[in-house]
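Residue numbers (our numbering): 1 to 148.
Honestly, I wouldn't trust all of these hints.
Taking CB as the label site, the calculated pair distances span [claimed, not checked]:
1. G53 x G105: 20 to 30 Å
2. L132 x N78: 15 to 25 Å
3. F5 x P79: 29 to 39 Å
4. I142 x D54: 30 to 40 Å
5. N4 x G40: 21 to 31 Å
6. N4 x A107: 19 to 29 Å
7. V100 x K12: 50 to 60 Å
8. S143 x A107: 49 to 59 Å
9. P15 x L55: 14 to 24 Å
10. Q104 x K16: 44 to 54 Å
DSSO-like cross-link-like pairs, simulated, lysine-lysine; straight-line CA separation at most 27 Å [what the hints assert, rightly or not]:
11. K67 x K56
12. K114 x K56
13. K108 x K67
14. K26 x K16
15. K101 x K67
16. K26 x K56
17. K16 x K67
18. K26 x K12
19. K26 x K114
20. K56 x K16
21. K26 x K67
To be clear, the hints were calculated from the coordinates, so they are not data collected in a lab.
For each residue, glycine too, the CB sits at the ideal point set by N, CA and C.
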Amino acid sequence: GPFNFESGGSVKSLPKLHLNPYSWSKVSTMIYLDSPAGVGLSYSNNVSDYETGDLKTAADSHTFLLKWFQLYPEFLSNPFYIAGESYAGVYVPTLSHEVVKGIQGGAKPTINFKGYMVGNGVCDTVFDGNALVPFAHGMGLISEEIYQ
Numbered sequence: 001g002p003f004n005f006e007s008g009g010s011v012k013s014l015p016k017l018h019l020n021p022y023s024w025s026k027v028s029t030m031i032y033l034d035s036p037a038g039v040g041l042s043y044s045n046n047v048s049d050y051e052t053g054d055l056k057t058a059a060d061s062h063t064f065l066l067k068w069f070q071l072y073p074e075f076l077s078n079p080f081y082i083a084g085e086s087y088a089g090v091y092v093p094t095l096s097h098e099v100v101k102g103i104q105g106g107a108k109p110t111i112n113f114k115g116y117m118v119g120n121g122v123c124d125t126v127f128d129g130n131a132l133v134p135f136a137h138g139m140g141l142i143s144e145e146i147y148q
């Protein structure tokens, strides 16, 4: 990150905070977006925004991105990637699809979308669910007898 801690020299002294000259933030920018509305630190003044689903979340997130890039056009030329983990295995591809549809439909500003990344993503309840028992067995959480 942008800061490092430097030891204070003794057990009783506090560490000192200083700028990291090798920080990734010198060469990249990241937007953290809590979605859908109402999770994390996100909120809405419109109660109906809390009634959501995966497709509405993608549409709302795309609207946010368009407004963000309108406010900060200096970032438009940067390559833009969407990334996430866990349930973002659903959110990331659906948002990516919205962004591509927007680009193809002429939405302005034009996002310089390059791709997406998902780590340990949820894919499908049947597909993911079928892995639970072998995972539990492999982790030693259930016996061989129960596994069989």
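Now for the hints, and whether the structure bears them out:
G53 and G105 have their C-beta atoms about 21 Å apart, which keeps the hinted 20 to 30 Å range intact. L132 and N78 have their C-beta atoms about 39 Å apart, which leaves the hinted 15 to 25 Å range violated. As the Cβ distance of F5 to P79 is approximately 31 Å, the hint placing it in 29 to 39 Å holds. Take I142 and D54: their Cβ atoms lie about 32 Å apart, and the range 30 to 40 Å holds.
Our hint of 21 to 31 Å for N4 and G40 holds, since their Cβ atoms are close to 27 Å apart. The beta-carbon spacing between N4 and A107, approximately 40 Å, falls outside the hinted interval of 19 to 29 Å. For V100 and K12, the hinted distance range of 50 to 60 Å is satisfied, since their beta carbons lie about 56 Å from each other. One distance hint, 49 to 59 Å for the beta-carbon pair S143 and A107, holds here, with the actual separation near 55 Å.
A hinted range of 14 to 24 Å is violated for the C-beta pair P15 and L55, which are about 46 Å apart. Judged by the Cβ atoms, the range 44 to 54 Å given for Q104 and K16 holds: they are separated by roughly 51 Å. Proposed proximity of K67 and K56 is supported: the alpha carbons are some 16 Å apart, at most 27 Å. A threshold of 27 Å between alpha carbons decides the hint, and for K114 with K56 the separation of about 22 Å falls inside it, so the pair holds.
The hinted pair formed by K108 and K67 meets the criterion: a straight-line CA distance of about 9 Å does not exceed 27 Å. Between K26 and K16, the direct Cα distance comes to roughly 21 Å. Compliance with the 27 Å bound is thereby established for this hinted pair. Using a Cα cut-off of 27 Å, the hinted pair K101 and K67 holds, with the two alpha carbons roughly 16 Å apart. Under the criterion of a C-alpha separation no larger than 27 Å, the hint pairing K26 with K56 is inconsistent with the structure, at around 34 Å.
Our distance criterion of 27 Å between C-alpha atoms is broken by K16 and K67, whose separation comes to about 38 Å. For the suggested pair K26 and K12, the alpha carbons sit about 33 Å apart, so the restraint of at most 27 Å is broken. Between the alpha carbons of K26 and K114 the distance comes to roughly 20 Å, so the proposed pair stays at or under 27 Å and holds. In summary, the hint linking K56 to K16 is not supported, as the alpha carbons are separated by about 45 Å, beyond the 27 Å threshold.
Taken as a hint, the K26 and K67 pair is honoured in the structure, with Cα atoms around 24 Å apart against an allowance of 27 Å.
This entry does not satisfy hints 2, 6, 9, 16, 17, 18 and 20, going by the numbered hints stated previously.
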